[in-house]
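Residue numbers (the numbering used here), protein chains in the order written: chain A, 4 to 480; chain B, 4 to 480.
Among the hints, a few may not be true.
For identical chains, the list gives no copy identity; a pair is met inside one copy or between any two copies.
EDC-like mimics (lysine to aspartate or glutamate), calculated; alpha carbons at most 20 Å apart, straight line [what the hints assert, rightly or not]: (1) K79 / D373; (2) K163 / E75; (3) K61 / E384; (4) K32 / E6; (5) K292 / D126; (6) K445 / D391; (7) K372 / D81; (8) K183 / E214; (9) K428 / E332; (10) K86 / D370; (11) K467 / D391; (12) K365 / D391; (13) K372 / D85; (14) K365 / E476; (15) K445 / E87; (16) K372 / D90; (17) K86 / E384; (18) K79 / E384; (19) K372 / E75; (20) K86 / D373; (21) K372 / E87; (22) K79 / D370; (23) K292 / E269; (24) K32 / E95.
It is worth saying that the hints were derived from the structure and are not from the lab.
2 protein chains.
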Amino acid sequence: MTEHFSTIVIGAGSGGMTVAIGLAGLGRKVALIEGNHVGGDCTNVGCVPSKTLIHLAKNFKPGMNADEVLQEVICKRDALRDKETEDIKHLENLTFVRGMAKFIAPKRLSLTQDGISRELTADNIVIATGSRPRLLDIPGLPDEMVLTNESLFDLRNAPKHLVIVGAGVIALEMAFAFQKIGTRVTMFALDRRPLMTAIPEASEVMQAELERRGITLYCGTVAKACDVSTRTLTLQSGNEEIVLHDVDKVLVAVGRVRNLESLELEQAGVMVDPKLGILVNSYGETNVKGVFPIGDVTPTSAFTHSANAQGRRVTQRIAFPYLPLAKKEPLFPNATFSDPEVATVGLTQMELEEKYHPQLIKRIRVDFKDHTDRGYTDSIENGFIIVDAIRLTGQVLHATIVGPYASEMISFFTLAMSQKISLHKIYRLVYPYPTFSSGILKVADFFMRATLPDLGKELAAYLKYRFAKPTKEERKK
Amino acid sequence: MTEHFSTIVIGAGSGGMTVAIGLAGLGRKVALIEGNHVGGDCTNVGCVPSKTLIHLAKNFKPGMNADEVLQEVICKRDALRDKETEDIKHLENLTFVRGMAKFIAPKRLSLTQDGISRELTADNIVIATGSRPRLLDIPGLPDEMVLTNESLFDLRNAPKHLVIVGAGVIALEMAFAFQKIGTRVTMFALDRRPLMTAIPEASEVMQAELERRGITLYCGTVAKACDVSTRTLTLQSGNEEIVLHDVDKVLVAVGRVRNLESLELEQAGVMVDPKLGILVNSYGETNVKGVFPIGDVTPTSAFTHSANAQGRRVTQRIAFPYLPLAKKEPLFPNATFSDPEVATVGLTQMELEEKYHPQLIKRIRVDFKDHTDRGYTDSIENGFIIVDAIRLTGQVLHATIVGPYASEMISFFTLAMSQKISLHKIYRLVYPYPTFSSGILKVADFFMRATLPDLGKELAAYLKYRFAKPTKEERKK
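Bound conformation, chain A alone (with noise of 0.2 Å):
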């Protein structure tokens, strides 16, 4: 039996959702193929459980219960999957197909459910099949006291002691919830600092404000053993040993692993990159025609909003090919959920570091609780806005904002680089008082002045630097 499409989606999460629905919506004959729950990482396991977690932790208070947070966690989650998986099994020109699905061709797929084999072909064929999280082998630990992304939100009981392996985004708004909750938090991860993805800068923030809430990061650090009969995790710092007692739950957050195996993508002949992912050209494209893949299984999306936005471009390109679809992906700016959030949109520092010659760079910093009244006002202690942008012209190659709201406010400087916006017209602009993207300004007055008093010599910087390539030491510094 085979059947034919316009478009196969092979995953239900986010960004698969987005292609499905909006080609079925245009009138296009899909089918979304899912082998476990509609509504993927983020509605399921991912964003909306730690968001609702974030959320009520936030509004935690004296004498509330923290099982009841979890259990509302759990309500709301369910009720937001139930929804959407109602929702997609009633839209027109949409067939839904539970399974798991392997490619036989580049535009033949097989899929077997209940002892049932189907043969599906399509025109088009969207992989959006995520990613999982990557496991850790601990010796001595127990199934029953890890704990990932997948399983923490079926937490009915609050654990006491919480230990977190990894400093990454999930492991950061984690630590900061469950400490909230009146859970104790230890975290150990082999990294440096904590959210190696940022900049430094953002780290010792991060670093600062785990402090404070009494939660011990150990960096640089490993594994050894646990002993489930006395619980407790041996970790192993260069040569110091850490001994942590009384541990309830382990929650592994080392990073993801693509969904990629069982696609038996070499049947289609779909480049992949054992590091990278699905290797694509600029336009999202593979190299086998009609096919493309969106969200973590691509090398640069690992975000909701990145697949969504890349859903949004194959949707385009699959329903008006005729259309011009933009050279380059959009600016995917980044998010993390901590206290303070994170929010960087731009350049990663490699990136800039690699691109520009230093001297063709400004920096400039604001903090919040020196140069904003509302740091004052709400006792804000730690927390900047960091932008990099080109002397004289002061385009905006990167910004990094760590305060209350970081992830609201860093869609002003989205709209300022993908416009082209310098800081010389965004000093022109009024910012609401007291408000912390009143910081915003500071960065174009303090770009101002270290600019306007010898426009000579920044021109002349400008002038010279504006196409070198810095030299590896120049790099360093």
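Knowing the structure of chain A, use the given hints to seat chain B on it.
Chain B in isolation, oriented as in the chain A frame:
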């Protein structure tokens, strides 16, 4: 004794300090005159203490002491005031003068302090005397029961029952804050709805959120009398009489009066409109060359940030008269720090109706509850983004956000409107998930869906109504 300065600034509030410090920093000889506290309303009786209170109230937990909260507000306010007062005295080129100034000629002021009279002259005079609360005469209400924003932040004991007269920005901010620290709050106002300056949809949310917190607001209501012996306040609403019992304090927040009388502006020949304040052209100049008003005394600024923005314009005009000045004032956003916050930028409802034919405008509304996942995870009941844009072109004319952090999100629209970035371009941006600001994407998405399917119709309507003035009847629709 006559002293001459490059510039005299009357009033050491936020706007006045911006000019005085700015010009002194540029090497100009400046006199800054203040009859009361340095820092003006903002530091002493406005934004700083009110936002400190709002912040502490948000984090108020059962078992905490409300009086200690008020004490901390006073401490933080006093510390900032002392710092600003000290700072101002040690600035190069700046002479700080205590006293009340009055004009005796266009560029000549007289000033009496401790019985000594002085005359000051200057090339430029900046009037930044601000405003004071409008008072209300309620028969039988003793002075010791009356509060305004000028006495509110000297309170050392939280009232058990606070009655607030007015339903504007200050009234609403204080209602939500005092309710949170355990005060019973009752409000009444002559206005038909809370926050009359905002669109009616914002008032609806305010009304719902006040009710949810047990704060009663009587609209279209005036005070008749107070009986201090029984601590009752009798109100009149149409034919109905309302009696409020156990009233501790009455906060009067029914608008502002400009501080102009003592200046004797007629001696300088500066034109003043009794309703609008000191009259200025679009460059912010009065009819007398070299005399500039900023802040509350002008027709267009009622906020600290707009006073500062005007101050920066005047500073540029005085320091660099040869540089071109923008023909119009920049866009002034505004924010009310109620719960949820309300933030607005662009044309008011009335300006929209006067300038544009209703058929030319598309109003898009995105509700956080129904249209964003963050609204779901954070259990938001009320709140939205409303945008008015020109059909076809997608040029944004007005945006109102009601929701958490609205004051931080609004700058996105200030930037988009200032730089004439259409909703078509805003549609292409990527917003972190799950945030409230991802609602901005929904706004653009809804706009595209509403206009794209029938571009011919959109174009026809655009061409027909582009320059059409609405008739009175059309406006009513």
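Taking the numbered hints from earlier one at a time, note which ones the structure violates and give those numbers from smallest to largest.
none
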